[in-house]
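K.L.:
One letter stands for each residue in the lines below.
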Amino acid sequence: MKKSVKRSRLLLRIMKLSVVQMVLGMVFSGVTLAFEGRAQDFLNKSITISVEDTKLRAVLTLIEKQADVRFVYSSRAIKVDRKISVKTNGQRLSEVLFKILDPLKINYRIVEGQIILNPIDNEPAPEKEASVLNTFADTKVAEKVTDLGVKGKVMDDNGEVLPGVNVVQKGTQKGTSTDGDGNFSIEVSDPRAILVFSFVGYATQEIQVGNKTSFDITLKVNDKALQEVIVVGYGTQTKANLTGAVSSVSGAVLESRPLVNLAQGLQGLVPNLNINLNSGAPGKGASYNIRGNTSINGGGPLILVDGVQMDPNLINPADVASVTVLKDAASAAIYGVRGAYGVILITTKTPSKNNPLRVNYSTSFTSSRPTRLPKYVNSVDYIAMNREADATGGRTGGAQASNKFTELDMENATKYFNDPVNNLPVYVDPGNPSIYRYVGNTDWIKELYNGGAPMMDHNLSLSGGENKTSFVASLGYLDQKGILKITDQKFKRYNASLKVNTEVTKWLDLNFRMNLNRTENATASDRNRTGMAESRIGGDLRPNMPVYHPDGHFSGQGNWTNPIALATLNGRMKTQANDLWLTGGFILKPIPRLRIVSDFTWNNFQRNEQEHQKEYYEYGVDGILLGSFPWTKPTRVIERNDNDYYTVINSYADYEFNLGGKHYLKAMVGYNQELKQTKFVSTSVKNLIDPTMPAINLNNDDRPIVGGTQGDWAVSGTFFRLNYDFAKKYLLEVNGRYDGTSRFPRGNRYVFLPSVSAGWRISEEAFFAPLANIVNDLKLRASYGKLGNQAGDQLGNYPYLATMPAGTIGYIFGSQQGTAVSVPGLISPNFTWEKVTSVNVGLDFDVLQNRLTTSFDWYIRDTRDMIVGAFPLPSVLGTSPPRRNAADMRTKGWELSTTWKDRINSDWSYNITLALSDYTSKITKYDLNDTKTIGSRYQGETLGEIWGYDTEGFFKTDDEAAKFDQKQLWAGTWLAGDIRFKDLNGDGKITRGTNTVGDPGDRKIIGNNTPRYQFGLNLATQYKGFDFTVLFQGIGMRNVAVEGQEFWGFTNEWQIPLKHNLDYWTPTATEAYFPRLRLGGGGNFQVQTKYIQNAAYMRMKNLSFGYAIPQTLTNRIKIKNVRVYVTAQNLFEFTKFYKSQDPETVNQNTYPLNRSISAGLQIGL
Amino acid sequence: MNIKKYTLLFIVISLIGYSCKKEDFLDLYPKDAITEQTFFKNENDLKLYANQFYPLLPVQPGLSENNSDNFVPSTRDAFLAGTYVLPVTGGGWTWVNERNVNFFLNRYQKADISQVIKNKYVAEVRMFRAYFYWRKVVQFGDVPWLSKDLNDLSAELYAPKNTQKQVMDSVLTDLDFAIANLPLPKDAEIGRLHKYAAATLKSRICLWEGTFRKYHGTGDEKKFLQEAANAAEMVISSGLYDIYSTGSPNTDYYNLFIQEELSTNREAILPMRYLKDIVMQGLTRTLGESGTGFSKNFVRSFLSKDGLPTSLSPLYKGDNTIEDEASGRDPRFKQLIATRGFVYQIGANGSKDTINLPRIGSNTAPTGYQMVKGRSPDLVQWNALQSTLDLFIFRYAETLLNFAEAKAELGDADQVVLDKSVNKIRARVAMPAMKVNVIKDPTSDFPEIPALIDEIRRERRIELAAEGFRLDDLLRWKAGKQFEKPETILGMKLSPEYRAQYPASQVSGIIVDANNYIRIYSNLNNRTWNDKMYHYPIPTQELSLNPKLAPQNTGW
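As they're listed, the protein sequences go chains A and B. Each residue of the first sequence is one higher than the one before, counting from 1 in the working numbering. Each residue of the second sequence is one higher than the one before, counting from 10001 in the working numbering.
Worth double-checking, as some hints may not be accurate.
Taking lysine-lysine pairs in the DSS-like style, the calculated list, with each CA pair at most 25 Å apart, reads [claimed, not checked]:
1) A:K989 to B:K10022
2) A:K967 to B:K10481
3) B:K10548 to A:K932
4) A:K679 to B:K10548
5) B:K10532 to A:K963
6) B:K10022 to A:K967
7) B:K10214 to A:K676
Hints listed in this document are in silico derivations from the structure and should not be mistaken for laboratory results.
Whenever a hint applies, use it, and build me the whole structure from the sequences.
P.N.:
Encoded structure:
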């Protein structure tokens, strides 16, 4: 027991508090255990003394000689003339000190190689362990006083006074700040009180008041950036000692604004952590990528939350303490076959011991609108354009409308357009007296997205800790409505988490974690009409269709679908998911310096989706019943259930030791195994007893449809890591993992993956000393590593087994629907891992008292033996070619992260961070396409390249068009106003050639759609209680060949042109942007130079303005801190991309992203 | 201390234990899918595998004759418009079905059952193989014949084509095997292939090949014509099938195609059955919004009620109005085309929507000749994909027409042949029987062929209208020039007087030619036919991947 107490004193803790957190007075904090090398050094020295009744002063002198240390003390505070007896035989200094000083009630601290002695007035203060490093060096003698008023002066290293420094009594709301001369005074409750001095850019310092009344405090410039502890795979590492390409973000950056999911908060902060928000639909997740193109099979980073693979879209951003991105192979190697494309480690807030109970509450309210929406033409333009395009088709052998508009349609539509009050948007179809023809003028986008959508969130957290046991508990609630208002979408997310740590004995800690992520989503059913639930509504938005018939029924007859009727009259789709995580673990410290960490995680994911499809009726002229809307008939309820189980065992041990002072070695070995089992069941019944009640049991269906799937995968790996550093200057890390997966057969499933990285801290070299004042830190890093990639998600769970699909067919045998088993795909028997090798070179430097911090990395990532499925083989094969390890790719890139932070004066500080990155990829080997057929991969291909024609202009006359041969593009008659392409190969006609790189006809590479120079620029400033942050994010260079209706308009007769399509060629508008109107475009809709879009953009992602009410005010109502803020997201963007589409999603048919404004409140008790 | 040491020891041992290869832990196999290794073991497996091909059977398609001279769709058929572009990939050159049948034929022997039972399923699969390869031949002419499923290393990937004759000989062998080994209808489950379904398909395929050889002059046509006649005769002499008739010549033909249940109908050799909520179709609805109609050329080919062509019949009143045109004609006229008085739809409340003037002017019938074969007036059938009316896969009338044509081409068609084939069909609609010495129609589309063959072709065109045969027929007869006739892209006559009966705005957009026939394609007087269109081209990428496929089909 005694021994344990001693060790606990020696365990030096480093409090990780980011600057922003301190300034905001926020109380969430991450505390991480670590050993501190230098202090350990001399405390480990062995001491042999044997004295009887000797004065303490003499004993200390003896120790000073043996251990080469110096004791510093006040002879009035420390009664050094007391006589003591002590006998030691090679025991460590730490133990000896304890033996001597503890009975005398003397405490010691180590500051820069000196051991400072202080008396303990009473029982040891509970905070005695905290932040021993950052103490004062005052050795003056102070009279013991009973007065508890304390005053003093705060200065910096150079003796300049520091005004505005926060002075708070730890654990209370008592606080003040220094005046213009750096002076402060504060009343403390008792001598054990600890004062905390904090100031932007300086290391926070804590001192125990003791019996002193006056203090001269010197705050040191914060070099915490270097001491910051970064979470890495199975452990932590100080930033100074990192050798791989690792970036990390503190959870504090996520706290100042309302976030729908974590990805939204991370976007733009970490260079080459590329986040695609995919869509703005409530509850929709984002996708992550690290360092660009992975395999041509896709694949993304491994994302771990507290060490287990969890969907980052489900967690509450407010619970996140830090996010670490492991970018190169060397730092990800410990994760083996799933870390090939980087790892994202998300750490949630951890309990810390000896903290008073803290309660934090935050809330925000948001209103959203879509960023960009398409603008469609009005009915008169639409009908005119459709007729013109149809006529051109008829004249030239091109596509014509099967559903033609007539002269009468045009006439009536014009009447209605000009005078909607006195005309009807319908008239009776002369061809069918029971249905209407539509001649209205509806702006469907306006009807569908009518108004802003609200969102609110509430987060409540409690944390605290006694001597042995500590906990963090949090509750989060998010309620979001969809901006596609017509679907009345409601999304809710609930997060509950509890973490408890307890120190059972000095050598055993137990910990427990519980997380529940629950989501609920309710929206309009979209069975058979895709687009309603997940994305915007694309088709059937013909402007001539009114929303309602004159008699009040919804419009929509036969092949006209009214999306508003569908959203309103069809049933609802309700989804709920529960994601429950339970983790139990222990940390065992059986002998000094050895730690065994082990935990077991169990996860159950359950998802239920209930879809109610409702039959509803369509009405024709004067409300005559036409029958049911066919696509939601019969009324039906579908229940879909997922039930997945996932278990993880993580176990590792680490041990560290010094050899002769300058050699430091740390070894870690561990084991990881994971098993995931998924099961999906669906049931669909019709003939509902009450069609309005979506109850699966209330049916009279003798043929319910039941379906389902099952699957599982497992991995098992053993890993190790060795860290070595010599004199803090030369750093070396070796990682390795022996990994196996269930996705390959025996004999092929295990692989050993080694990696190595090294660092040179140039700034620690003697020769660098002259520059030390300017350059605080300079480090060169290099790493090399090889990882396997099991290419799991792309190939399924059992890619080496040929399975034969089974299911029902559209054919009746007897009176039963037939079932059939069909052919399996071709499987190549010997395919194996993709191998990913990455080389990384990095440079970190901090200059000008850490004002400018920069990190630069350059990398090459080779993906070898990529598993290729689609390559050209003669079609007589009759199936897809089997997968083979047949392609290599090289990705080169770099990333830069640089921060400038400074103070203008004591009240006003600011910082600017730029994250900038780039990558390009080339196919370096591709055996399977010797002919270099375009459209398949080929050796030498740059990923993202766009092949297209060179636009010469429009044909000026029909005659010119007739004489020029573009028949291979389109065999109808080309006319004036159609596009003339450039005859690049000079053969007098426009062709595709043999569709190979060698003979592409008249095509060439006209652009590249890889997003280049992705950047994030974050500006933040604080002035007194005010804070202001603005984040710009964007892409510096990108080409997109937009195809499809959203750009061209009439890709077929059913599509509706957009307003930009009005700029089309006519004999009188020969300078128009678009060619003459044709359904399907004739041959005009080729990928070509003229219509390539520039998708570069800079978007204001986030702008927030906050105000923290001064503590002097809030303290009066016993509230620790209060901050109010307003935030805007996606407020505006700069881009040359065409107007109907968002340059970030680059797909009109996704649910639009949101522009939103929020107001929020944060309270700490 | 001891406890600590033991705990440590335990942990270390556990760690080492974990570190071993955990092969058992990683051995996971599919739990929701059948693997190839364990399949083809019993009769049920063979049956389940064969089932996958049934949905590929050629169902009477309703509208697929837009690519022929029978119909004029408002959107021009791309192939006939000459706008078909030599494709890089695709273009019909896909071999999935061909592989899938061979996959079976190379593995079925694994099953532990008698050869007789095996042969039943082999027969089914070989019949499908015959059908798939025949379609390849129709589209491309010479094609590779594969008798096994290939993998990515197979040499056959780079093999040259087989000649059409070689392929068709193999097709014939498959068909004969199927006929020999398939059960009689009474022994087959409803919906499954049987002997006479195979024989019907054989008559269709052999007639196609025999006449193709004859008219394209490649020789050796006799054998296939004889096989066609034999196969058809086998079906006829089974005595199982008959022409559906209730003695109502003015409605029987129309009613035949809106039957709820064809499995008990003697005209159905193999029906495609649709049952509520199991498998349903959408033909009625599709036909209501078809955007196509019969061509003038088709409508002119109806005989008059006296059995004479319009050029010879005194009953023909001319075509100034569609009412005139329909009067005194083959009763199938009014059963194929919506004319005045036709009940188009019966509403939910029993109200009838009856045709008055042809519904031109919107997407219902651009030519004025709105096709109603297979279209039910029942509102229930009109719901999209909710119709339960059965369709034909093999119809006895086709067998009879195959028989008559094969016999006539062989020169063996006597009155007996006609009476047991085409005249059975004519009897249903009370048309006079066809005589061996029929008079040649002076305005025939095929002036150069004998009158009897010409009339059998006419009967085939009318009886099998909209069942998907017409393009195949014209191609095997080498009658591509037929497409150049202006009448094949014209509609009914819309004289100023007739036009005046419509609201002006409805027909204001409709243009007519000099003789007042509706023109569907405003700038096109007639199509042009290029002989290269007898075959589709092989996609260019296939030729570069396997140069032995050369030469490209003629003209491409």
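K.L.:
Which earlier hints turn out false for this structure, listed by number in ascending order?
P.N.:
When the structure is compared with the hints, numbers 1, 4, 6, 7 turn out to be violated.
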